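Student: Here are the chains, one letter per residue:
2 protein chains.
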Amino acid sequence: MKIAVLGGDGFVGWPTVLHLSNLGHDVHIVDNLSRRWIDTELGVQSLTPMDSIQERCRIWREQTGKTLHFHLINIAEEYERLKGWLADNRPDAVIHFAEQRAAPYSMKTDRHKVYTVNNNTNATHNLLAALVETGIDAHLVHLGTMGVYGYSSVGAAIPEGYLDVEIENLEGEKKGLEILYPTKPGSVYHMTKSLDQILFQFYAQNDGLRITDLHQGIVWGTHTDQTRRHEQLINRFDYDGDYGTVLNRFLIQAAIGHPLTVHGTGGQTRAFIHIQDSVRCIELALKDAPKAGERVKIFNQMTETHRVRDLAELVSKMTGAEVAYLPNPRKEAAENDLIVKNDQFLALGLDPITLQEGLLDEVVEVARKYAYRVDRSRVPAVSAWTKEIGERVEKDPEGKRLKSVS
Amino acid sequence: MKIAVLGGDGFVGWPTVLHLSNLGHDVHIVDNLSRRWIDTELGVQSLTPMDSIQERCRIWREQTGKTLHFHLINIAEEYERLKGWLADNRPDAVIHFAEQRAAPYSMKTDRHKVYTVNNNTNATHNLLAALVETGIDAHLVHLGTMGVYGYSSVGAAIPEGYLDVEIENLEGEKKGLEILYPTKPGSVYHMTKSLDQILFQFYAQNDGLRITDLHQGIVWGTHTDQTRRHEQLINRFDYDGDYGTVLNRFLIQAAIGHPLTVHGTGGQTRAFIHIQDSVRCIELALKDAPKAGERVKIFNQMTETHRVRDLAELVSKMTGAEVAYLPNPRKEAAENDLIVKNDQFLALGLDPITLQEGLLDEVVEVARKYAYRVDRSRVPAVSAWTKEIGERVEKDPEGKRLKSVS
Ligand SMILES: NC(=O)c1ccc[n+]([C@@H]2O[C@H](COP(=O)([O-])OP(=O)(O)OC[C@H]3O[C@@H](n4cnc5c(N)ncnc54)[C@H](O)[C@@H]3O)[C@@H](O)[C@H]2O)c1
Ligand SMILES: NC(=O)c1ccc[n+]([C@@H]2O[C@H](COP(=O)([O-])OP(=O)(O)OC[C@H]3O[C@@H](n4cnc5c(N)ncnc54)[C@H](O)[C@@H]3O)[C@@H](O)[C@H]2O)c1
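Each protein sequence line maps, in turn, to chains A and B.
Take the first sequence: its letter number 161 is residue 161 in full-length UniProt numbering, and every next letter is one higher.
Take the second sequence: its letter number 41 is residue 41 in full-length UniProt numbering, and every next letter is one higher.
Honestly, the hints are just simulated from the structure, not real lab data.
Only a predicted model underlies this, so the values are computations on that prediction, with no experimental measurement involved.
Possibly wrong hints are sitting among the right ones.
Copies of one chain are not kept apart here, so a pair can be met inside one copy or by any two copies together.
Unchecked claim - With a straight-line Cα cutoff of 25 angstroms, these simulated BS3-like cross-link-like pairs (lysine-lysine) come out:
1. 291 <-> 341
2. 291 <-> 174
3. 184 <-> 291
4. 66 <-> 291
5. 83 <-> 108
6. 387 <-> 83
7. 287 <-> 317
8. 395 <-> 287
9. 2 <-> 66
10. 369 <-> 317
11. 291 <-> 331
12. 2 <-> 83
13. 83 <-> 291
14. 2 <-> 331
15. 175 <-> 331
16. 387 <-> 291
17. 66 <-> 174
18. 331 <-> 184
19. 108 <-> 66
20. 341 <-> 317
If we strip away everything but chain A, and leave its shape as in the complex, we get (with noise of 0.2 angstroms):
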């Protein structure tokens, strides 16, 4: 299958472009190179040190002699370059990971917010639009979150992606209705992935086009089978307060003697996926495409759920790392209960990789390795749901310490 990738230069779409490369795919990158450039703008890196694109794709042919192509367009705001490209190179699939993905980075400041709702609607309407008009009918396979149901507040189980509800008919009859699962998104990164799925439902309905929408969980480790094949393959590893996803950030902090920042009583259930599995489920979706006019199809691409401070718990027995208690910057439920339901994926074959299984020994090895280039003042989360929040946080920067908490 010939394969664009939207975003395959970031943290899931390298992996999944050597995944897919791997498999004898003619995988297609392209990408704005947008994130490299807010790590400039935040003073950040990559943990790992992360070759420039073209590099990696040097190497990728050099090992493997497989060829990736990379195409830098800016989705967002060159619709008639991303149409021209679609129009010249009719991929079979398409998978859209060409978003800002980070709800801290969001919610920075009014600029933030306001580029965000740009860049990620923007990109996802105008791939749409540029799919019909060119009358590909490539398969879509889009990276959502679970976290567009703002943690259901009602306590039940995440379904995958639909609801059925009744509804009272003129004649005062109970009628059923399937709807896409009702959204409270809490943050500005959420916001939008919420938004695309009312893109989604309408370019599925109106113009048949064949979508599959997979709300990930958080991802966590670093490396894959293809990552591993070769220094300069390595993946990017994000511990920076903005784009440092929990557990990841728990690990870099007891590599260098920081404490691990739990926010609030840390009594957030969140859900999971090693990345190695990530790249898998998306290989695995892809092979099961909806056809034209039937509904989006929503997988939920996790394989387990964790309490934030029972990680913490984990992390620092492994390591010894203080547990620190920060007040919340992020506006939420102070405790949530989490279930999802992830029957679809395991039917189709999946078989998870959980936290117990030595990988976490891994990912602290990666992060005592490249120690040395973290930046410690990058570390803290700052970006502050609303004023009064960060108000609040900046009263109490440094929170309560407790040493191994268990």
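Since the structure of chain A is provided, determine the placement of chain B with the ligands on it from the hints.
Tutor: Chain B with the ligands only, in chain A's frame:
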């Protein structure tokens, strides 16, 4: 009150500006005049001879002694100017009409789809982000549409914005949950209003913005008490296939001896409101602001529902015009029922003007008076919802004509 009217040069915006100024408010128009540019693009003009916004403001002042302020800002593209303007002017209320509002225009070509999503989503989101950033506690009143619901497939009454559903919690108990009434928009334009709802939900919840979303029916008529005061205060009247709305289009078709163009069976039921009621509803909504932290208030701003073919019959009876049944360029159900709840506006004291009340004659008069300005080639609706529909419509441009269907 100091009131900012975004999109105050438009069909509903202009009479709203005059109505509020007449009530003694200090009214500021913010508009980028894009709608006038679209007239130029399409090679059409308002049926009524419409003056420049600057001239209209001058005449109003001459007639009433009241000053209107006009500011040329593109609120979708000029975030910093919008924010600066808000910070300097600190309005008590903001009425937001500033979106591309024609479904056929939004479906014309891929360029029009991309423009509509970009313009409408950024316009609304920029406004929300700027209100938070400037800390202005203005009541935001937005114009949405009931069209977001796709005219409810199960034939339920359209409630005022929300739906109570039951969700099974983790213990297997049914728990009540109030959700935004699920949407299934039928055009790119309607889709943008569905996106707007998610933006409002987020900013009300995260930042305590006070927002009222008016889901408006199709507006008919042209004059209000204020636009009647002077020939140069006249409101715009769109009759073309993109911006002309169904009832006003029938009236102008009758005036120029063009058959009344009904799409499909004409079995589509739509909600209507007269322009005079529309501006009164906005006045009522302004008085009934939600409190900070409350959910978005959603009203259905309409006064009656009719099937399209019944309207055609009514106009045919009044004027003797023929009715032509044409293939439908839209992708929609051939027939639908529609019952809409508007209890909230009735409770606030709205006393609706209905089609029976003689005002229809007035519109016929306007149509006859300015019929000489009509470009007949711009009357047909040509934007097709998909390429297949476009081909089908082209094969049968004349349709089936019936002399007085009743
Ligand atoms: N990392 C996670 O834990 C996680 C969890 C859930 C969902 N996701 C989703 O998966 C996708 C990929 O995440 P990631 O962690 O790899 O993010 P990332 O930021 O590392 O990668 C995104 C890539 O998209 C590119 N991009 C952004 N806007 C673009 C535009 N307008 N045009 C072209 N390219 C553009 C960036 O340059 C970057 O290379 C995102 O959509 C994200 O929301 C990620
Ligand atoms: N007319 C109807 O029947 C009807 C029905 C339901 C809802 N509505 C809604 O009411 C609102 C007003 O409708 P209308 O009929 O007056 O439309 P209109 O097109 O006549 O007026 C919209 C005005 O907004 C301005 N505008 C658009 N984008 C802008 C931007 N980025 N920055 C600044 N100004 C911008 C335009 O120049 C125009 O003057 C719209 O949001 C529409 O969706 C209208």
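Student: Is it within, between, both or neither when you check residue 2 against residue 331 at 25 angstroms Cα-Cα?
Tutor: Answer is neither; intra-copy 42 angstroms and inter-copy 32 angstroms both fail.
Student: Please sort residue 395 with residue 287 into within, between, both or neither, judging by C-alpha distance up to 25 angstroms.
Tutor: neither (52 angstroms within a copy, 39 angstroms between copies)
Student: State whether the alpha carbon distance between residue 66 and residue 174 is at most 25 angstroms within one copy, between copies, both, or neither.
Tutor: neither (57 angstroms within a copy, 54 angstroms between copies)
Student: Evaluate residue 108 and residue 66 at a C-alpha cut-off of 25 angstroms and name the case that applies: within, between, both or neither.
Tutor: neither (40 angstroms within a copy, 42 angstroms between copies)
Student: Since the copies are identical, ignore which copy is meant and state whether residue 331 and residue 184 lie within 25 angstroms (CA to CA) inside a copy, between copies, both or neither.
Tutor: Classified as within: same-chain Cα gap 12 angstroms, cross-chain 29 angstroms, threshold 25 angstroms.
Student: Cα distance capped at 25 angstroms. Does residue 66 pair with residue 291 within a copy, between copies, both, or neither?
Tutor: So residue 66 and residue 291 fail the 25 angstroms test inside a copy (31 angstroms) and across (61 angstroms) alike.
Student: Regarding residue 387 and residue 291, is the shortest C-alpha distance of 25 angstroms or less found within a copy, between copies, in both, or in neither?
Tutor: Close across copies (19 angstroms), not inside one copy (47 angstroms); limit 25 angstroms.
Student: At most 25 angstroms between CA atoms: does that hold for residue 287 and residue 317 within a copy, between copies, both, or neither?
Tutor: Result: close neither inside a copy nor across copies, 40 angstroms intra and 59 angstroms inter.
Student: Within a copy, between copies, both or neither: which one fits residue 184 and residue 291 at a CA-CA cutoff of 25 angstroms?
Tutor: between (29 angstroms within a copy, 20 angstroms between copies)
Student: Could you figure out if residue 83 and residue 291 sit no more than 25 angstroms apart (CA to CA) within one copy, between two copies, both or neither?
Tutor: within (23 angstroms within a copy, 45 angstroms between copies)
Student: Should residue 83 paired with residue 108 be assigned to within, between, both, or neither, using CA atoms and 25 angstroms as the limit?
Tutor: The answer is between: 17 angstroms across copies meets 25 angstroms, while 32 angstroms in one copy does not.
Student: Is it within, between, both or neither when you check residue 341 against residue 317 at 25 angstroms Cα-Cα?
Tutor: neither (29 angstroms within a copy, 59 angstroms between copies)
The structure fails hints 2, 4, 7, 8, 14, 17, 19 and 20 (numbered hints given earlier, in ascending order).
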